[in-house]
Amino acid sequence: MSWDDQLVNDVAKNENQFINSQNERTLTYVEALNEALRLSLDQDERVFVLGQGVNDPSAMFGTTKNLKEKFGEHRILETPLSEDALTGLSVGAAMNGMRPVYMHNRPDFLLLTFNQIVSHASKFSFMSNGQTKVPLVMWSAIGRGWGTGAQHSQAIQGLLVGVPGLKIIMPRTPYDAKGLLLSAIEDNNPVLIFEHRWLMKRKGFVPEEYYTIPLGKAQIVRSGNDLTIIGSSLILDEALEAAHEIYETNQIDCEVIDLRTIQPFDEETVLASVKKTGKVLVVDTGWIDGGVTSHLSVKIYEKAFSFLKMPIERIALPHCPTPSSSYLESEFYPGIEDILKTIKKLAGTP
Amino acid sequence: MTKTYSPRLFRYQDYEKVSSQEDVFLLWEMLRIRTIEEIIAQKYTDNQMKTPIHLMIGQEATVVGACSEMLKEDKVYCGHRTHGVYLAKGGSLEKMIFELHGKSTGCCGGRGGSMHLLDKEVGVDGVSAIVGGIVPIASGAALALKRLRINNIVTVFLGDGAMEEGAVLETLNLAALWKLPLLFICENNFYSVCTPLHERQPLDNIAAKAQAFGVRSSQVNGNNIYEIKKEVQKARKRALRGDGPSFIEMKVYRWLAHGGNLDDTDQGYRTFEEVHEWKKHCPIESLKGYFIDQGYISEDEYTQKKSFFHHQVLSVFDKVKDQPNPDLNTLYDHVYAK
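As given, the protein sequences belong to chains H and B, one line each in that order. Number 33 in my numbering belongs to position 33 of the first sequence; there are no gaps in the numbering. Offset between the second sequence (1-based) and my numbering: plus 1000.
Read the hints as simulated data drawn from the structure, not as lab findings. One or more of the hints may lead you astray.
Said to hold, decoys possible - Capping the alpha-carbon separation at 35 angstroms, the derived lysine-lysine pairs in DSBU-like fashion look like this:
| no. | chain 1 | residue 1 | chain 2 | residue 2 |
| --- | --- | --- | --- | --- |
| 1 | B | 1017 | H | 299 |
| 2 | H | 70 | B | 1237 |
| 3 | H | 133 | B | 1179 |
| 4 | B | 1237 | H | 133 |
| 5 | B | 1288 | B | 1338 |
| 6 | H | 217 | B | 1209 |
| 7 | B | 1338 | H | 203 |
| 8 | H | 303 | B | 1209 |
| 9 | B | 1237 | H | 276 |
| 10 | B | 1017 | B | 1305 |
| 11 | B | 1319 | B | 1003 |
| 12 | H | 309 | H | 299 |
| 13 | H | 70 | B | 1338 |
Here the structure is a predicted model, which is why all the values come from computation and not from measurement.
Turn these sequences into a full structure, and let the hints steer you where they fit.
Shown next as structure tokens:
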């Protein structure tokens, strides 16, 4: 049991927001990940999972539950507390025919591994003139709430989006979680997956079979004509909820795009929408300075400036470490109210 | 007060039982590598090799001794001092020289430079210019060989400086824990660029540090090719039996500066006496003397070989001007693997 399980249960949603069917096969996000790992480990004996706690009772939030019993302790490898060396080890294993999935509780722990991710994994294909491949997956779940504080809540995708050679994905639904994880394992490059802790107990439609979702492909989760909201992960979920609400109350029709892959991002889908609506809100679970919202906004300005009717709006975390006190947390984290306010601003509604 | 590091004395005569005429190739291989490095040092001032270089003149016995105990399919990984490892393992000289000149026919198409040589056909699998960075990667290669049931070992070459990096210490723990078929060869040449060992580590006990993590460790004289061969052979057998990793600390000396082609003794971080003393124990000169005493070779033969290698290397340099430069349109190739 993870210490924030109760909280995650409380925030879990019961329905996948774009598929509404009683008869569809429903799994929780965690179950979807477990299923993905199971299918991948079964299909390809080069795949193995490693990490601190993959074999303990909490089973990496439940994602690695019962895998050791089926695949053995060599393929579900419990590790010492050596993130830096273990990332290097994963790079070396990946270079030599294996497909490691290195799971971390939190992205914060990945900060210990930057030398291996940035100076090694991301560059070996290039430096070797294509003679070396590094098919490595690094998985972690962004923390939030219950006083988790500054060092256990960092969403670091913004720190890595500029590194050539890396791919970064941020799934949102159980369907996406399974498909994207399977794609990440198949991909021959280092792929970083940033889940979000608050999405992990939500339920949604998940097909039983092995399927992949192409990396670099966004999804329009709500079509609309008045403005475009772009983002991923939990905050896009909140944006989707805001979009439904504001259509009911104010008839503002938002197009909501789930990037799913942050790097490389789906320029075609994003720009088509921007050119259609001319009004853009970019959202991210990371910090406001630098980061993903700045990255996306500048790309949009560079490629679609003449189509914009207003400056791009951004919602992300303030330039401030995460406070522990729950009172300050609610001030710190942007939510549906902030999104609604910004939508109204873009729509020109008071 | 400058501390000096002295070479330890040994006698090749003590190795008479194991040495034979067949060992002469070891001398030629060291001589070949020495010749290559000397010519690179000379030609570096032409400014056509636009890459940082870290020559290993003086340290030839370690790589030649170690690689002579390995199979082609055994893998080697190393840090920035790449040339010796690459050549001793059998790496293509032409592809190396072309790589130093940034040509598309270089071993990495000009994208890697001196600090990232590669020749996968002979097991030169990976290099990192970040001190200590390659060590955990080598452990992953060893894990892969073990899991995929491939009967070969991985050797990683590191220096005394790398023994101060956390990731290297973490790797010793992992290798011992999982009994990886990994050989750590630590070439302790006492200086990290210009900073001597005693200013970086309170104890001169690198092998003991590795032993403390559970890795079977030994210390050898890095100028004595027979001692090196013996320890490497033992380590290789240990790894293939499933008994896990080994660590061999080899005490050696680099004659030139950390990087570049110059002798920087005049900078004052080490004494002329120390440099002179180590040069007296040159691994090539001393082995040559022993082989002549034993009647395996003659002085003339040595001179001829030296001249042969000299011409061989120069003829490779002559080919450089005919090598194509990388196509500028290929800049973005291989940023992502397909």
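Status of each hint after checking the structure:
1. At roughly 72 angstroms between alpha-carbon atoms, residue 1017 of chain B and residue 299 of chain H are farther apart than 35 angstroms, so this suggested pair is violated.
2. Between residue 70 of chain H and residue 1237 of chain B, the direct Cα distance comes to roughly 33 angstroms. Compliance with the 35 angstroms bound is thereby established for this hinted pair.
3. Proposed proximity of residue 133 of chain H and residue 1179 of chain B is supported: the alpha carbons are some 25 angstroms apart, at most 35 angstroms.
4. For the given pair, residue 1237 of chain B sits about 30 angstroms from residue 133 of chain H by alpha-carbon distance, which is consistent with the 35 angstroms threshold.
5. Between residue 1288 of chain B and residue 1338 of chain B, the direct Cα distance comes to roughly 50 angstroms. Violation of the 35 angstroms bound is thereby established for this hinted pair.
6. Between residue 217 of chain H and residue 1209 of chain B the CA atoms are separated by roughly 50 angstroms; this puts the pair beyond 35 angstroms, and the hint is violated.
7. Distance check on the hinted pair: residue 1338 of chain B and residue 203 of chain H sit about 34 angstroms apart at the alpha-carbon level, within 35 angstroms; holds.
8. Between residue 303 of chain H and residue 1209 of chain B the CA atoms are separated by roughly 56 angstroms; this puts the pair beyond 35 angstroms, and the hint is violated.
9. For the proposed pair residue 1237 of chain B and residue 276 of chain H, the alpha carbon gap of about 68 angstroms is over 35 angstroms, so the pair is violated.
10. Taking the CA atoms of residue 1017 of chain B and residue 1305 of chain B, the gap is near 26 angstroms; set against the 35 angstroms cutoff, the hint holds.
11. Restraint check for residue 1319 of chain B and residue 1003 of chain B: not satisfied, since their Cα atoms lie roughly 45 angstroms apart, outside the 35 angstroms limit.
12. Restraint check for residue 309 of chain H and residue 299 of chain H: satisfied, since their Cα atoms lie roughly 16 angstroms apart, inside the 35 angstroms limit.
13. As the CA atoms of residue 70 of chain H and residue 1338 of chain B are separated by approximately 31 angstroms, the hinted pair is consistent with the 35 angstroms bound.
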